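Student: Take a look at the letters that make up each chain.
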Amino acid sequence: MEWFRTAFHRMGSPRWFFAGSRAWVGGLYGAGAALIAAGSVWGLVFAPPDRYQGDSFRILYVHVPAAHLAEMVYVAIAVAGLVYLVWRMKMAEMVIAAAAPVGMTLTATALATGMIWGVPTWGTGWVWDARTTSMLVLLFLYFGLMALRQAVGQPERAALAVSVLAIVGVINIPIIKYSVEWFSTLHQPASIRIGETPSIAPSMLWPLAVNALGYWCLVAGIVVAALRARIVEREAGTDWVRQWAAGR
Amino acid sequence: MEWLGMGGHGIYVWSAYGLSLGALAAVGAWPLLALRRARRTAATREGEGSAAP
Numbered sequence: 001m002e003w004f005r006t007a008f009h010r011m012g013s014p015r016w017f018f019a020g021s022r023a024w025v026g027g028l029y030g031a032g033a034a035l036i037a038a039g040s041v042w043g044l045v046f047a048p049p050d051r052y053q054g055d056s057f058r059i060l061y062v063h064v065p066a067a068h069l070a071e072m073v074y075v076a077i078a079v080a081g082l083v084y085l086v087w088r089m090k091m092a093e094m095v096i097a098a099a100a101p102v103g104m105t106l107t108a109t110a111l112a113t114g115m116i117w118g119v120p121t122w123g124t125g126w127v128w129d130a131r132t133t134s135m136l137v138l139l140f141l142y143f144g145l146m147a148l149r150q151a152v153g154q155p156e157r158a159a160l161a162v163s164v165l166a167i168v169g170v171i172n173i174p175i176i177k178y179s180v181e182w183f184s185t186l187h188q189p190a191s192i193r194i195g196e197t198p199s200i201a202p203s204m205l206w207p208l209a210v211n212a213l214g215y216w217c218l219v220a221g222i223v224v225a226a227l228r229a230r231i232v233e234r235e236a237g238t239d240w241v242r243q244w245a246a247g248r
Numbered sequence: 249m250e251w252l253g254m255g256g257h258g259i260y261v262w263s264a265y266g267l268s269l270g271a272l273a274a275v276g277a278w279p280l281l282a283l284r285r286a287r288r289t290a291a292t293r294e295g296e297g298s299a300a301p
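Sequence order for the protein chains is H and S. Taking this note's numbering, the leading residue of the first sequence gets 1, the next gets one more, and so forth. Taking this note's numbering, the leading residue of the second sequence gets 249, the next gets one more, and so forth.
Any given hint might turn out to be false.
[Claimed, not checked] A few chain S residues facing chain H, derived, Cβ under 7 Å:
#1 MET249
#2 LEU267
#3 ALA277
#4 LEU280
#5 LEU283
#6 ARG287
#7 ALA290
Think of the hints as simulated: they come from the structure by calculation, not from any bench. Treat the numbers as computed from the prediction; the structure is a model and nothing was measured. The beta-carbon is built from N, C-alpha and C at its ideal position, and this holds for glycine as well.
The shape of chain H in the complex, shown without the other chains (with noise of 0.2 Å):
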């Protein structure tokens, strides 16, 4: 336990974290950037073409990545807001701030990508069905989380009407993924559940596995490099930013 609460403390150093967090983002982006090249690859070349939809399900390497992160960075500024509130810890604040345009983008491409897959497949680029209209749902939160820290002007305030914003949009989680079971939709149901056998073929899981792991640890590195660029901007005042940036 007592560990814990040091390396909880730790965390919401913000030079503790920046010292500690360098060598991280190297290592996550060239490991991110290279499972998806290696995922991309194998599912566009060697994964076989789906019995119905041919080769546009191709599309799915990089929609359901992206839709899956889209709902994770979700999470992490949620549990964010929560320690902000409850700590008042600033790096939890800053959090919110480096990861709301990370997911605001990963939201849009998984919305773009949808788009464009559901042309050949269901005839048509968009449709009211709870899945999309609960993703579109999160791309307005993200865009809330962003604007609501600009429109308030003072610093603590905003930090906190974001924190209470993140926590109460996390209820939109739970319904873009229960929404293919509790309504009917166009979208398709889960084809991987925990605890189940997929219904979808393993030469076609098996890039997608590899592609989802590039984009945890792509996304993961870009959340820490955000978060790296926003203790800079903050601290900038400080003795021991200048000190960095004066030249190690």
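Given the coordinates of chain H, work out where chain S should sit on it, guided by the hints.
Tutor: This is chain S only, laid out in the frame that chain H set:
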């Protein structure tokens, strides 16, 4: 060459991949550039400080 056509779905597949990988590259570059910019700003501040009497 036939593979590029993706069974007639080439435009969909390649635009989806282009968009996705392009977005990843852009959002990946953004914090690295932001850090570089922040560093320059912070270094300039030190410069101003040392010029003071």
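Student: Hints first: check each against the structure and report whether it holds.
Tutor: Hints, one by one, checked against the model:
With a cut of 7 Å, the hint placing S/MET249 at the interface with chain H is violated, because the nearest CB-to-CB distance is about 14 Å. Because the beta carbon of S/LEU267 sits about 6 Å from the nearest beta carbon in chain H, less than 7 Å, this interface hint is met. Residue-level restraint check for S/ALA277 is violated (minimum Cβ-Cβ distance to chain H is 9 Å; threshold 7 Å). With its C-beta approaching chain H no nearer than about 6 Å, S/LEU280 sits inside the 7 Å limit, and its interface hint holds.
For the restraint placing S/LEU283 at the interface with chain H, the shortest Cβ-Cβ distance is roughly 4 Å, inside the 7 Å limit, so the hint holds. Proximity of S/ARG287 to chain H holds as hinted, the smallest CB-CB distance being about 5 Å (cut-off 7 Å). Among the interface hints, the one on S/ALA290 holds; its C-beta lies about 4 Å from the nearest C-beta in chain H, closer than the 7 Å criterion.
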